[in-house]
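J.: Keeping the supplied structure of chain A fixed, place chains B, C and D upon it in accordance with the hints.
Number of protein chains: 4
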Amino acid sequence: MSKADPHISETSFHVRYAETDAMGFVHHAVYLVWFEEGRSAFIREQGWSYAEIERSGYFLVASDLRARYLKAARYDQLVTVRVWLAQVKSRQLAFACEVLDSESRDCLFSANLKLHCLNRAGKIARIPSDWQAWLRE
Amino acid sequence: MSKADPHISETSFHVRYAETDAMGFVHHAVYLVWFEEGRSAFIREQGWSYAEIERSGYFLVASDLRARYLKAARYDQLVTVRVWLAQVKSRQLAFACEVLDSESRDCLFSANLKLHCLNRAGKIARIPSDWQAWLRE
Amino acid sequence: MSKADPHISETSFHVRYAETDAMGFVHHAVYLVWFEEGRSAFIREQGWSYAEIERSGYFLVASDLRARYLKAARYDQLVTVRVWLAQVKSRQLAFACEVLDSESRDCLFSANLKLHCLNRAGKIARIPSDWQAWLRE
Amino acid sequence: MSKADPHISETSFHVRYAETDAMGFVHHAVYLVWFEEGRSAFIREQGWSYAEIERSGYFLVASDLRARYLKAARYDQLVTVRVWLAQVKSRQLAFACEVLDSESRDCLFSANLKLHCLNRAGKIARIPSDWQAWLRE
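As given, the protein sequences belong to chains A, B, C and D, one line each in that order. First residue of the first sequence: 21, per my numbering; consecutive thereafter. First residue of the second sequence: 21, per my numbering; consecutive thereafter. First residue of the third sequence: 21, per my numbering; consecutive thereafter. First residue of the fourth sequence: 21, per my numbering; consecutive thereafter.
These are calculated hints, taken from the structure and not from any lab test. Honestly, I wouldn't trust all of these hints.
Since the list gives no way to pick out one identical chain from another, each pair is judged satisfied if it fits inside one copy or across any two copies.
[Said to hold, decoys possible] Listed below are the simulated DSS-like cross-link pairs for lysine-lysine, each with C-alpha atoms no more than 27 angstroms apart in a straight line: (1) Lys134 <-> Lys91; (2) Lys143 <-> Lys109; (3) Lys109 <-> Lys134.
This is chain A alone, in the form it adopts within the complex (with noise of 0.2 angstroms):
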């Protein structure tokens, strides 16, 4: 991955009723699922699979999150889940996030979070070489 051209997954949907609160307005924990649902989906169009990732025996797991809320979505909006790789270190990622409106692309939701590679006995992994390599290209 060049830095100065990362690549940017970006995955579009409508807000669900379920993810609403009492307010009116997208709870605030629902964020934490869209960006990784961007996280899927950037893995998936770079032709790997995080289910594969996991079969393999390795997993990544949450351990610093950074996020901002900005603006509160609505039920039925369209919103666009912006994900990008931050960083890539032997045992360790980060991803960025931004949630705009898909609309006026108006940013509603920006995030980055860190995460380790751990192996099956629950232990922080080096992320194995090839997926490392994909990465960094």
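T.: Chains B, C and D in isolation, oriented as in the chain A frame:
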């Protein structure tokens, strides 16, 4: 709505990681969220919006559910939610739903949900006539 | 289990904000999560643990659900989940559930859920005999 | 609130099955729901109710989150959510949270969340003075 040829809405998406549970499959409550998203899509496809229905002071509230779980869905699987109107009464609707594996078209889940129409006071109300006409078309 | 005197588990908790939706009430999928927590409590109270059942290689998987929504629950309301065994067969169980307002004892929700016993291969299996004996006590 | 001796709310409950994901641990978004339930408990313990705050026309809305995931929680584990006020400003509050294993008191998760006070029009507003006084006590 002619029973011979009801409109069937089809919405497809990937299973989100957050929708799985420790068994490795989609949690059984999540299918209700998908069914609901299918109803939203159904209404959207007809040029209506459930958000507008609520703004006009009417609410559709779940009253009776039958659901059958046939095959488990997994993370990242592409699923298709099919939703159609099963019944229209003056104060009550029923929607039916099937969740399919998008590729094999195997049925994973089927359900039937009755919903009451409530007004802002929380009382059971007649479904507004323009909306009834639209539903019966 | 003697039908004359089944064990009924009662678990009480406050409705969480995240469990509400834009209608201002608890989302209808959440009751399934509460019912499940009631089953966990039921098993815990009998000195068993569903986590151990899974570690021993057996899984209880939802197969058939009937649910009735009677009265809406709200944020912060204290609710009581009552769960009991409705049926024990060699390969299948059924649990029943009522959710009450803890104070008035009004019934908000009632449901019946059939669960299959699966083994690690995902095939329907006999419920292990020690566990069956315990269930029938 | 004297910084030397802030009130710390402690709420304990079992991890629900629905809160786990395919990795076998609690999904990372769920901790935000627990943190929120801890804030509800905090307010409840002080003789206030967040539901009443909303009825009086004020809303506390998440604006900035920092979270660290230290150890994974599992189904049926007894966890304790500790919540305290970290900051009171005229238009903004910050709550801090730790989730512990109830037995070992190991810390699984820690977070700090800033919340804005909004009025019914959705504008940032001063926290009502009686509530501010109570918060600063």
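J.: Now look at each hint and say whether the structure bears it out.
T.: Against the structure, the hints:
Taking CA atoms no more than 27 angstroms apart as the test, Lys134 paired with Lys91 passes in both settings, with 23 angstroms inside one copy and 14 angstroms between copies. In this assembly of identical chains, the alpha carbons of Lys143 and Lys109 lie at most 27 angstroms apart only when taken from the same copy (16 angstroms versus 41 angstroms across copies). Only within a single protomer do Lys109 and Lys134 lie at most 27 angstroms apart by alpha-carbon distance; the minimum there is 10 angstroms, versus 30 angstroms between protomers.
Comparing the model with each numbered hint stated earlier shows that all of them hold.
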